[in-house]
Amino acid sequence: MEGDRGRVLLADLGGVVFSFDHEHRLDVLGECLGLPPGRVDELLWRSGFSGDCDAGRYPDAAAVRAQIRRITGYAGVDEPLDRAWCSAFRPDPDVIELLGRHRSGRQGVFTNNGPLEEEVLTRQYPDAFGPFEDLFFCWRLSANKPDPAVYRQVTDLLAVPPGQISFADDSAGNVAAARACGWHAVRYRSVGDLGALIG
1 MEGDRGRVLL ADLGGVVFSF DHEHRLDVLG ECLGLPPGRV DELLWRSGFS
51 GDCDAGRYPD AAAVRAQIRR ITGYAGVDEP LDRAWCSAFR PDPDVIELLG
101 RHRSGRQGVF TNNGPLEEEV LTRQYPDAFG PFEDLFFCWR LSANKPDPAV
151 YRQVTDLLAV PPGQISFADD SAGNVAAARA CGWHAVRYRS VGDLGALIG
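Each residue of the sequence shown is one higher than the one before, starting from 1 at the first, in our numbering.
Simulated from the structure, these hints should not be mistaken for laboratory data.
Since no wrong hints were added, every one of them can be taken at face value.
If you anchor each label on the Cβ, the simulated ranges turn out as follows:
| # | residue 1 | residue 2 | range |
| --- | --- | --- | --- |
| 1 | Pro126 | Asp21 | 13 to 23 Å |
| 2 | Arg69 | Ala196 | 42 to 52 Å |
| 3 | His102 | Asp60 | 31 to 41 Å |
| 4 | His22 | Arg187 | 17 to 27 Å |
Glycine included, each C-beta is placed from N, C-alpha and C at the ideal position.
Construct the entire structure; sequences and hints are all you get.
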């Protein structure tokens with residue numbers, strides 16, 4: 001054993017560290033963009049645009065904003081757009097408190113999110129990201145969860161054996177892929193699931 005510093009706890013962002021409400025985001029974006037929520041969903045999600053952001057098609061947050069402006073005709077300033085785009089995410093205070101108390105190893109986020117979420121959420125909620133030494137946003141990586149390649153890449157980047165990585169995600173498919181890679185993984189439904197994983 002490498003000791004405490006050899007153990008790593010990773011958590012998904014939306015659905016674990018942050019609560020996640022996509023319908024709320026559609027309403028807030030609709031107000032910001034002057035479009036019905038269903039049209040926002042069609043233009044920015046069902047079109048595949050958001051998935052392209054998560055997959056790293058756009059090199060930074062500025063490029064994502066520029067594409068949103070092109071797609072929707074938005075002509076306002078960045079701040080309301082940033083807030084609306086990320087309005088699905090709210091830090092879970094119980095999770096943040098638990099992670100703040102758990103300091104026996106490294107902690108990180110492992111999430112299928114793009115550059116605009118990374119820039120805005122880390123700026124808006126610095127305390128929520130305080131416990132984390134590693135931020136694995138998949139737009140920077142080789143693939144998205146649950147592709148096995150991205151779990152192998154994260155394992156290599158952490159430079160620890162797979163069996164020393166614990167992971168919580170609200171997606172059953174993402175948890176199954178983590179287990180197949182040799183990680184200890186649980187499907188997250190409540191803060192108790194995270195507590196059980198920490199031990």
